[in-house]
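**Student:** Here is what each chain is made of, one letter per residue.
2 protein chains.
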Amino acid sequence: MTTAGYYAAVDWGTSSFRLWVIGEDGAVLAERRSAEGMTTAAKTGFHKVLDGHLAAVSAPPHLPIIICGMAGARQGWREAGYIETPAPLAEIAGRAIAIPDVDRDIRILPGLAQRDQRYPDVMRGEETQLLGAVALLGSGRHLVCMPGTHSKWVRLAADKVEGFSTFMTGELFEAVSRHTILSHAVAGAETFPADSSAFAEAVSHARHNPALATNLLFSVRAGQLLHGTGAADARAKLSGALIGLEIAGALSGFGPRESVCLVGSGALGRLYRTALEGQGLNVRVVDADEAVRAGLSAAAQSIWPL
Amino acid sequence: MTTAGYYAAVDWGTSSFRLWVIGEDGAVLAERRSAEGMTTAAKTGFHKVLDGHLAAVSAPPHLPIIICGMAGARQGWREAGYIETPAPLAEIAGRAIAIPDVDRDIRILPGLAQRDQRYPDVMRGEETQLLGAVALLGSGRHLVCMPGTHSKWVRLAADKVEGFSTFMTGELFEAVSRHTILSHAVAGAETFPADSSAFAEAVSHARHNPALATNLLFSVRAGQLLHGTGAADARAKLSGALIGLEIAGALSGFGPRESVCLVGSGALGRLYRTALEGQGLNVRVVDADEAVRAGLSAAAQSIWPL
Numbered sequence: 617m618t619t620a621g622y623y624a625a626v627d628w629g630t631s632s633f634r635l636w637v638i639g640e641d642g643a644v645l646a647e648r649r650s651a652e653g654m655t656t657a658a659k660t661g662f663h664k665v666l667d668g669h670l671a672a673v674s675a676p677p678h679l680p681i682i683i684c685g686m687a688g689a690r691q692g693w694r695e696a697g698y699i700e701t702p703a704p705l706a707e708i709a710g711r712a713i714a715i716p717d718v719d720r721d722i723r724i725l726p727g728l729a730q731r732d733q734r735y736p737d738v739m740r741g742e743e744t745q746l747l748g749a750v751a752l753l754g755s756g757r758h759l760v761c762m763p764g765t766h767s768k769w770v771r772l773a774a775d776k777v778e779g780f781s782t783f784m785t786g787e788l789f790e791a792v793s794r795h796t797i798l799s800h801a802v803a804g805a806e807t808f809p810a811d812s813s814a815f816a817e818a819v820s821h822a823r824h825n826p827a828l829a830t831n832l833l834f835s836v837r838a839g840q841l842l843h844g845t846g847a848a849d850a851r852a853k854l855s856g857a858l859i860g861l862e863i864a865g866a867l868s869g870f871g872p873r874e875s876v877c878l879v880g881s882g883a884l885g886r887l888y889r890t891a892l893e894g895q896g897l898n899v900r901v902v903d904a905d906e907a908v909r910a911g912l913s914a915a916a917q918s919i920w921p922l
Numbered sequence: 617m618t619t620a621g622y623y624a625a626v627d628w629g630t631s632s633f634r635l636w637v638i639g640e641d642g643a644v645l646a647e648r649r650s651a652e653g654m655t656t657a658a659k660t661g662f663h664k665v666l667d668g669h670l671a672a673v674s675a676p677p678h679l680p681i682i683i684c685g686m687a688g689a690r691q692g693w694r695e696a697g698y699i700e701t702p703a704p705l706a707e708i709a710g711r712a713i714a715i716p717d718v719d720r721d722i723r724i725l726p727g728l729a730q731r732d733q734r735y736p737d738v739m740r741g742e743e744t745q746l747l748g749a750v751a752l753l754g755s756g757r758h759l760v761c762m763p764g765t766h767s768k769w770v771r772l773a774a775d776k777v778e779g780f781s782t783f784m785t786g787e788l789f790e791a792v793s794r795h796t797i798l799s800h801a802v803a804g805a806e807t808f809p810a811d812s813s814a815f816a817e818a819v820s821h822a823r824h825n826p827a828l829a830t831n832l833l834f835s836v837r838a839g840q841l842l843h844g845t846g847a848a849d850a851r852a853k854l855s856g857a858l859i860g861l862e863i864a865g866a867l868s869g870f871g872p873r874e875s876v877c878l879v880g881s882g883a884l885g886r887l888y889r890t891a892l893e894g895q896g897l898n899v900r901v902v903d904a905d906e907a908v909r910a911g912l913s914a915a916a917q918s919i920w921p922l
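Line by line, the protein sequences are chains A and B.
To convert, count from 1 in the first sequence and add 616; that's my numbering.
To convert, count from 1 in the second sequence and add 616; that's my numbering.
Bear in mind the hints are in silico, worked out from the structure with no lab data behind them.
It is possible that some hints are incorrect.
In silico SDA-like pairs for lysine to any residue, Cα to Cα no more than 25 Å straight-line [said to hold, decoys possible]:
id	chain 1	residue 1	chain 2	residue 2
1	B	Lys659	A	Ala914
2	B	Lys776	A	Leu842
3	B	Lys659	A	Ser793
4	B	Lys776	A	Gly804
5	B	Lys659	A	Ala803
6	B	Lys659	A	His800
7	B	Lys664	B	Asp717
On a predicted model such as this, the values are computed, not experimentally measured, just so you know.
Model the full assembly from the supplied sequences, consistent with the hints where possible.
**Tutor:** Next comes the structure, spelled out in structure tokens:
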């Protein structure tokens with residue numbers, strides 16, 4: 617495996633680690649993926665985890681490393697701080713922090729913070745996806761949806777993050793499906809079809825009746841008891857209720873929109889696309905993996921210009 | 617301990633067991649409380665749990681037993697079915713089922729069901745509280761709030777349940793505070809003051825912006841990171857967000873009201889009273905323990921008239 621390279625880019629989340637070795641021409645020379653996210657690495661050691669992956673791709677000793685995500689959290693490798701909104705994305709690279717006392721140049725990018733006294737918000741990792749997304753989307757005004765454990769909705773204007781809101785959709789889905797009475801209703805189905813009518817109906821109901829969201833959740837259990845609702849439909853309804861509530865919240869917070877830019881990938885990206893289009897929105901999709909790589913590349917090129 | 621008696625009344629929930637031996641004059645002759653709810657009793661045996669408590673109060677061999685709650689669920693002792701809405705509360709006693717092949721007269725009261733195809737709902741135990749509450753409230757039209765793991769809001773008219781809605785407020789509070797990122801924010805505080813301004817503000821925000829509920833939840837975490845929000849305030853905000861969302865849903869589902877009857881007790885009852893009064897509602901409180909005992913008594917007197 618050839619591993620001469622310009623730099624290595626790392627997306628280090630709460631529960632996942634991804635590394636790409638990038639050549640001077642921008643090509644991906646090597647890739648690593650593992651479950652050694654912040655939670656694991658905080659126990660086993662961030663440096664050790666990173667070195668293991670670099671050794672596995674025979675990275676040269678002085679290859680510089682650019683990192684985004686939870687490695688920069690207070691519980692991470694080293695706290696990388698926050699840029700406050702309104703936040704020009706161009707500032708991200710300049711606010712990277714360096715890991716001291718290591719034998720190579722390792723930088724961690726900062727997150728973004730909205731220091732509202734009552735309704736504060738933070739992101740860490742998504743700012744780098746946004747930096748990459750604007751390179752793909754072009755400047756201008758965009759409402760961006762970034763689904764996940766903590767979904768982010770972002771108002772972008774002229775490459776600046778004007779404001780953003782986090783919705784706990786993905787984490788609530790996990791907590792509700794595993795740790796409440798609904799666990800019985802969804803047991804036995806790990807997925808559901810993307811064209812599920814139960815999903816579409818729940819999205820629509822929650823989007824138009826957000827106050828009734830937790831009532832809609834309980835109807836999943838009641839449906840199992842009274843109508844024998846199957847596990848796949850139950851899971852679809854739970855997912856649709858939470859995603860519909862998120863869409864209602866984002867559109868109430870940022871005002872009604874005609875189009876939205878979806879930074880997603882895989883099954884979750886397809887699900888959000890279905891949900892958003894079902895609510896009459898024009899959806900422009902940016903692949904989340906491409907976006908984070910583009911953002912890390914933009915930062916690396918700014919820090920280590922060729 | 618004197619245990620001659622008219623009957624024993626049992627409120628058998630998911631996670632709790634309560635028994636009262638009632639005399640012919642309505643006096644409570646003995647009382648037992650334990651954590652042997654349905655979940656435990658389904659493993660150890662319902663008959664055995666009940667017999668243990670009856671022996672502990674030296675109940676006479678032929679004392680009849682009236683039971684409400686999850687003992688009548690499909691996963692309970694014996695399924696007691698549902699009365700469908702609109703449901704006259706007077707029918708509850710007549711629809712009790714008897715436990716077969718036991719040496720005393722043991723009856724379990726049915727639950728209520730709303731067999732809407734898309735948004736079905738069920739209750740089990742609360743119907744008996746309602747039966748008792750109307751004896752205390754008088755007939756007429758009432759909007760009743762019954763807080764708990766699965767809070768119930770009920771529209772009563774002329775001793776009939778016209779409709780009801782369940783909100784998963786209590787269970788969501790447990791799941792979110794234990795199994796999400798907010799567990800860090802609330803760790804170290806088991807309670808918060810009832811006059812907490814963080815609670816009141818969160819109730820109000822969620823009641824008026826229900827679509828932003830899961831965004832409000834995440835702000836609890838962000839507040840800890842950015843402003844050092846303490847655990848008690850974080851817990852208050854989480855609780856307020858979920859209760860405010862419930863109030864928003866109930867008032868959107870049943871229409872705006874000026875007054876509400878709160879069937880509650882203890883700290884949770886006080887919290888809901890604060891929340892409801894903070895939203896400008898007149899609150900009439902019925903003690904939940906008294907209500908369930910009054911409901912079980914009404915059913916017992918109907919089944920075993922003196």
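**Student:** Evaluate each hint against the coordinates.
**Tutor:** Hints and how they fare:
| no. | hint | result |
| --- | --- | --- |
| 1 | B:Lys659 <-> A:Ala914 | violated, 59 Å |
| 2 | B:Lys776 <-> A:Leu842 | holds, 21 Å |
| 3 | B:Lys659 <-> A:Ser793 | holds, 23 Å |
| 4 | B:Lys776 <-> A:Gly804 | violated, 38 Å |
| 5 | B:Lys659 <-> A:Ala803 | holds, 20 Å |
| 6 | B:Lys659 <-> A:His800 | holds, 17 Å |
| 7 | B:Lys664 <-> B:Asp717 | holds, 14 Å |
Checked against the numbered hints above, the structure violates hints 1, 4; every other hint is satisfied.
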